[in-house]
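Colleague: All chains, please: the whole structure from these sequences, using the hints.
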Amino acid sequence: MAAALAALFHGLGNSSNVSAEGRSIFVWQARQWLQAGGDFSHGWLMPLVSLVFVARQWRALRAAPKAVSAGGLWATAAGLALHAAAFRAQQPRLSAMALVGLTWTIPWAVWGPAVARRLLFPCGYLLLAVGSYALINFTFPLRLFASRAAVAVLNGLNIAAERSGTAIYSAAGGGFHFDVADPCSGLRSLVVITALAAPYAYLTQRTTLRRWLLFGASLPLAMACNVLRIVTIALVAQAFGREQALRVYHDGSGFIIFASACLLLVGADRLLNLPYRRLLSSWNGPAGAPTSES
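Counting from 730, one number per residue, gives the positions in the sequence shown under my numbering.
Any given hint might turn out to be false.
Pair by pair, the computed Cβ-Cβ distance ranges are [unchecked claim]: (1) L763 with L802: 16 to 22 Å; (2) R785 with R939: 52 to 58 Å; (3) Q819 with W773: 23 to 29 Å; (4) T936 with K795: 40 to 46 Å; (5) W773 with L932: 19 to 25 Å; (6) T937 with R817: 35 to 41 Å; (7) T937 with W1012: 27 to 33 Å; (8) R1006 with L741: 52 to 58 Å; (9) V781 with Y1005: 57 to 63 Å; (10) A810 with R1007: 48 to 54 Å; (11) R976 with R935: 42 to 48 Å; (12) A807 with A731: 15 to 21 Å; (13) S989 with R877: 46 to 52 Å.
These are computed hints drawn from the structure, not numbers from a lab.
Don't be surprised by glycine CBs; every beta carbon is placed ideally from N, CA and C.
Modeller: In structure tokens:
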């Protein structure tokens, strides 16, 4: 069945720009990962991560009760219908998402809900691999947000800064002046941090709610760290000149900010798992304890 699914999406997976990209959805997806300035160049690793999560629970999958599921059959039919509609409308991104959905609905249909529950995260994680490319449409709004926030922070630090579109410059003149271009939009940080946050949250959190909270926290953390990067570039330009900031510090700052985002993600994990009830009870004192007025 896996071979039939692969053959379908390889031979009839893509109907957009066939002369250049062919019919294979796999070839089309690989091109998306390798293009767009390298923002999604990590995408090919994500299916491997999914396979690792499947391998981790292989024994549990084999031991799970199995039965044909009518719900899974209907979901599989819906996935095939989505691919057919996407193929006709020349929307390969929807076909790629249909393929991801089918990797989950087919085991659900053949082996039942117990297997489907265990495959939900590995298959759902693949949606980040094929769906995050759609975020490229938000590049300009991310640039605007980053430039506005960076100017606000700089002015808060008593460093007079002004903004024109996505360009940031020193109000005093003779200081920093640079444009928050597409590579500085924060898109790469956003997709990489979320790709890391999803498995980290799945492994470290015990409840579904906490997993979603930690994963959701990765979005503002990634955006905040990108703003921090732009602010530090301006500070370096103010102190050492524009040349040092944009040619020396700019290239290395991405690694520093990435490490900072990872540390903040770990910090968010610790905050989620603090024993709040115990801390609250110790703050209020033991029940029935005499107060200072008694």
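Colleague: Compare the structure with each hint and give your call.
Modeller: Hint-by-hint comparison with the structure:
no.	hint	verdict
1	L763 with L802: 16 to 22 Å	violated, 36 Å
2	R785 with R939: 52 to 58 Å	violated, 20 Å
3	Q819 with W773: 23 to 29 Å	holds, 24 Å
4	T936 with K795: 40 to 46 Å	violated, 27 Å
5	W773 with L932: 19 to 25 Å	holds, 21 Å
6	T937 with R817: 35 to 41 Å	holds, 36 Å
7	T937 with W1012: 27 to 33 Å	holds, 29 Å
8	R1006 with L741: 52 to 58 Å	holds, 56 Å
9	V781 with Y1005: 57 to 63 Å	violated, 33 Å
10	A810 with R1007: 48 to 54 Å	holds, 52 Å
11	R976 with R935: 42 to 48 Å	holds, 47 Å
12	A807 with A731: 15 to 21 Å	holds, 19 Å
13	S989 with R877: 46 to 52 Å	violated, 21 Å
Consistency note: the structure conflicts with the earlier hints numbered 1, 2, 4, 9, 13.
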